[in-house]
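Given next are the chains, with one letter for each unit.
2 protein chains.
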Amino acid sequence: MKQYSEMTTAELTALKDQLSKEYTAHKEKGKKLNMTRGVPSDDQLALCNEILTCLSSDDYKSANGIDCRNYGGLDGIPEMKKIFADLLEISPEEIIVGGNSSLAIMFDNVAVNMTHGVRDGVPWQKQGQVKFLCPSPGYDRHFSICNYFHIDMIPIAMNKDGPDMDMVEKLVSSDPMIKGIWCVPKFSNPTGIVYSDEVVKRFANLKPAAEDFRIYWDNAYAFHDLCLVAGSVPIKIPNIISLCEEAGNPNMPLVFASFSKVSFAGAAVACIASSKSNCEHIKKRLSIQTIGPDKINQLRHVRFFKDAEGVMDHMMRHAIILRPKFKLVVETLSKELDACGIAKWTEPAGGYFISFDALDGCAKRIVALCAEAGVALTPAGATYPNGNDPNDRNIRIAPTCPPLAELGEALEIFCCAVKLASAEKYLSQK
Amino acid sequence: MKQYSEMTTAELTALKDQLSKEYTAHKEKGKKLNMTRGVPSDDQLALCNEILTCLSSDDYKSANGIDCRNYGGLDGIPEMKKIFADLLEISPEEIIVGGNSSLAIMFDNVAVNMTHGVRDGVPWQKQGQVKFLCPSPGYDRHFSICNYFHIDMIPIAMNKDGPDMDMVEKLVSSDPMIKGIWCVPKFSNPTGIVYSDEVVKRFANLKPAAEDFRIYWDNAYAFHDLCLVAGSVPIKIPNIISLCEEAGNPNMPLVFASFSKVSFAGAAVACIASSKSNCEHIKKRLSIQTIGPDKINQLRHVRFFKDAEGVMDHMMRHAIILRPKFKLVVETLSKELDACGIAKWTEPAGGYFISFDALDGCAKRIVALCAEAGVALTPAGATYPNGNDPNDRNIRIAPTCPPLAELGEALEIFCCAVKLASAEKYLSQK
Numbered sequence: 394m395k396q397y398s399e400m401t402t403a404e405l406t407a408l409k410d411q412l413s414k415e416y417t418a419h420k421e422k423g424k425k426l427n428m429t430r431g432v433p434s435d436d437q438l439a440l441c442n443e444i445l446t447c448l449s450s451d452d453y454k455s456a457n458g459i460d461c462r463n464y465g466g467l468d469g470i471p472e473m474k475k476i477f478a479d480l481l482e483i484s485p486e487e488i489i490v491g492g493n494s495s496l497a498i499m500f501d502n503v504a505v506n507m508t509h510g511v512r513d514g515v516p517w518q519k520q521g522q523v524k525f526l527c528p529s530p531g532y533d534r535h536f537s538i539c540n541y542f543h544i545d546m547i548p549i550a551m552n553k554d555g556p557d558m559d560m561v562e563k564l565v566s567s568d569p570m571i572k573g574i575w576c577v578p579k580f581s582n583p584t585g586i587v588y589s590d591e592v593v594k595r596f597a598n599l600k601p602a603a604e605d606f607r608i609y610w611d612n613a614y615a616f617h618d619l620c621l622v623a624g625s626v627p628i629k630i631p632n633i634i635s636l637c638e639e640a641g642n643p644n645m646p647l648v649f650a651s652f653s654k655v656s657f658a659g660a661a662v663a664c665i666a667s668s669k670s671n672c673e674h675i676k677k678r679l680s681i682q683t684i685g686p687d688k689i690n691q692l693r694h695v696r697f698f699k700d701a702e703g704v705m706d707h708m709m710r711h712a713i714i715l716r717p718k719f720k721l722v723v724e725t726l727s728k729e730l731d732a733c734g735i736a737k738w739t740e741p742a743g744g745y746f747i748s749f750d751a752l753d754g755c756a757k758r759i760v761a762l763c764a765e766a767g768v769a770l771t772p773a774g775a776t777y778p779n780g781n782d783p784n785d786r787n788i789r790i791a792p793t794c795p796p797l798a799e800l801g802e803a804l805e806i807f808c809c810a811v812k813l814a815s816a817e818k819y820l821s822q823k
Numbered sequence: 394m395k396q397y398s399e400m401t402t403a404e405l406t407a408l409k410d411q412l413s414k415e416y417t418a419h420k421e422k423g424k425k426l427n428m429t430r431g432v433p434s435d436d437q438l439a440l441c442n443e444i445l446t447c448l449s450s451d452d453y454k455s456a457n458g459i460d461c462r463n464y465g466g467l468d469g470i471p472e473m474k475k476i477f478a479d480l481l482e483i484s485p486e487e488i489i490v491g492g493n494s495s496l497a498i499m500f501d502n503v504a505v506n507m508t509h510g511v512r513d514g515v516p517w518q519k520q521g522q523v524k525f526l527c528p529s530p531g532y533d534r535h536f537s538i539c540n541y542f543h544i545d546m547i548p549i550a551m552n553k554d555g556p557d558m559d560m561v562e563k564l565v566s567s568d569p570m571i572k573g574i575w576c577v578p579k580f581s582n583p584t585g586i587v588y589s590d591e592v593v594k595r596f597a598n599l600k601p602a603a604e605d606f607r608i609y610w611d612n613a614y615a616f617h618d619l620c621l622v623a624g625s626v627p628i629k630i631p632n633i634i635s636l637c638e639e640a641g642n643p644n645m646p647l648v649f650a651s652f653s654k655v656s657f658a659g660a661a662v663a664c665i666a667s668s669k670s671n672c673e674h675i676k677k678r679l680s681i682q683t684i685g686p687d688k689i690n691q692l693r694h695v696r697f698f699k700d701a702e703g704v705m706d707h708m709m710r711h712a713i714i715l716r717p718k719f720k721l722v723v724e725t726l727s728k729e730l731d732a733c734g735i736a737k738w739t740e741p742a743g744g745y746f747i748s749f750d751a752l753d754g755c756a757k758r759i760v761a762l763c764a765e766a767g768v769a770l771t772p773a774g775a776t777y778p779n780g781n782d783p784n785d786r787n788i789r790i791a792p793t794c795p796p797l798a799e800l801g802e803a804l805e806i807f808c809c810a811v812k813l814a815s816a817e818k819y820l821s822q823k
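If you're matching them up, the sequences are chains Z and R in order. Under my numbering, residues 394 to 823 are what the first sequence spells out, in order. Under my numbering, residues 394 to 823 are what the second sequence spells out, in order.
Treat the hints with care, as some may be off.
Any copy will do: because identical chains look the same in the list, a pair fits if it lies in one copy or spans two.
[Unchecked claim] Below 30 Å or equal to it, Euclidean Cα-Cα: the simulated DSS-like pairs (lysine-lysine) are:
hint : residue 1 : residue 2
1    : K425      : K454
2    : K524      : K677
3    : K454      : K669
4    : K594      : K563
5    : K424      : K818
In short, the hints are calculated from the structure, not lab data.
For reference, chain Z alone in the conformation it holds in the complex (with noise of 0.2 Å):
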């Protein structure tokens, strides 16, 4: 077969008459299939299920005497603070754990530095216009926080190894009044790639124009990796805290991790982690802020999990519920668009996603096609600052949700509506 580019004026429109036939047939079974968001399926949330009665009436003490059900404790219980700190290779010291929201706790921390600067500098709303890099394609919702701030947002390219840091260094360098960048160091989303060994020290290393500027190092996906079977090894990437404390910028990266992809995605526990002196600092804030998180629900975790170890077997668990079904976006989106020549996509070794780039121009046909027929997608665009894809062709594939049979009927439908765009857009330049 031919691919798209070379055929004739004819060709495509034979092509685009029978891709039409097809995706009015697929239409018409009226299909109701939800690829939107990094939700897990019914499947893996079963998995934890043991997390709503592993706690008895009369366990409720952590390891250090603190009664749970009670108030006080500004950081977390000192055996769940520790589950993150080996899983995320730091000192206890060096984490608050807060309550269910990770995304809460990375807007709080915007929040207080646009009122109140950056461990009580100059409030960044006084400094003048704000902004933050954001590696592209990225995560959507970090975009809508710096949106809702009034951010302004640059966007970075990303490479396979992370983002491009010869245009990071540059700019970090360069413009006080670029404060943050985002980063989801492993299997970031929606590319799924791992930032290398190289890149992370970069950013380590970095000179900040701005003694206020914080690397948002959301580590969304620390131990999502596809690939665990009993004895594999995750996917490490260096540990950014150490790193920046050895580069002279121990205050400069904010960590995010969260088990809302490990146990129940809405009533998990999230943290932040940082350096001990920025850690004091959040915890003054958080005396004025809250009463502190629920204490009970870190309990239930460390009750279920027990260690980083019961963590790493528990997400063994995920990956083989996970594992088929980007094993059948890959496929599928192979077979059927391989011999095109209209479509890129990655191939993650971990992560809740998979990054598709259609021809320029056809991303947004693409979603509405889908939308059309039934296959509800992450808007086209969502995944660039303002929703601005420039090249209007990346599309986020969130396979996790669906039951591997309709994710199966999903992909046929998007690989149809792929092909009919791209037919499409090679008709119109003839």
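Assemble chain R onto chain Z, guided by the hints.
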């Protein structure tokens, strides 16, 4: 026995010597007693231990079919909204159930008004020096939020039926930089007074100079009547939300309530209630700020309490535990201090505190004497903005946490300290 004010120097000197001996004897016992904060006792927490075990491993769906384990649902599960709605006598559309801390919800609300303005109006911080009215004595953590956001606090006198409304009306209607007022309308912290119907009506009918003025109505003790016995009726205050609507101020009140002193202080559920329109507005922000509240914890509360009536039954059991403690405080103070003419105190019908007024200039000394003898009290002045009690006389007594026997010991020491400080004061004036 003579009142202290009528004593001669010789009598006061003898009294002081006697009290000093008593005080030294107390001190030598080396007690460690804590009455600093409004913390529930172990007995109270144990009333709820079934919350730890009330879900089974297949019980995770809310009435509307939502899987509480997964993402989704910014305003809480319907059953939990209904319980709050029934308790507060408003509609579920006027409720957003959040996490475990109503303080965090209040903090957030002030923070967003500073940066984004009320309902996306002009941000408070861009309008100049924001001011809040602070009925005093009041809740120190309200004042800490103002302090954190550099909001000027204007103390308002507290009468037996609520804040001095003449002053409130005068200031609110004349100064557009007054953007808020902190209220604890039922069993006010620390005085325990209940706002009268007339006061609540005057609140609803305020004519603020600032269109972005908000009433922060912290109904923290809405269900916390000490008088509750089977068949008795809780004290009722008028519904500020419906009264404001009737008065043409539908968006003025922000009501906060929490189960922190109903179920587990650190692992409960809290809510904000306001007009439907305000709630829609808040949800828009929450869609950026968080993945949503912990719905599983809400489901636990629903399973345990069942409905609003279940909550009120439960509060009766709290009252059985708390009533003897409040009685002991009031009786001890009366027995020890009535004859001396050196103090006044409140006798609340609910809430968590007794407010104690010593002679002017004596509160700090009393708290210091108590601390030295092993009784920790809330710092003197904490009940006033910026920790500054202009008369240095108010002390907040928090009798809920210690067991009855310890409370008795603490009160003995407290009364001794009050008498000693008062004798010292009168002597110094001779």
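Tested hints:
For a Cα distance limit of 30 Å, the shortest separation of K425 from K454 across copies, 22 Å, qualifies, whereas the shortest one inside one copy, 46 Å, does not. Taking CA atoms no more than 30 Å apart as the test, K524 paired with K677 passes in both settings, with 26 Å inside one copy and 23 Å between copies. For a Cα distance limit of 30 Å, the shortest separation of K454 from K669 inside one copy, 25 Å, qualifies, whereas the shortest one across copies, 40 Å, does not. Taking the shortest Cα distances, K594 and K563 sit within 30 Å of each other inside one copy (15 Å), while across copies they are farther apart (61 Å).
Taking the closest pair of Cα atoms, K424 and K818 come within 30 Å of each other only inside a single copy of the chain (26 Å); across copies the shortest separation is 83 Å, beyond that limit.
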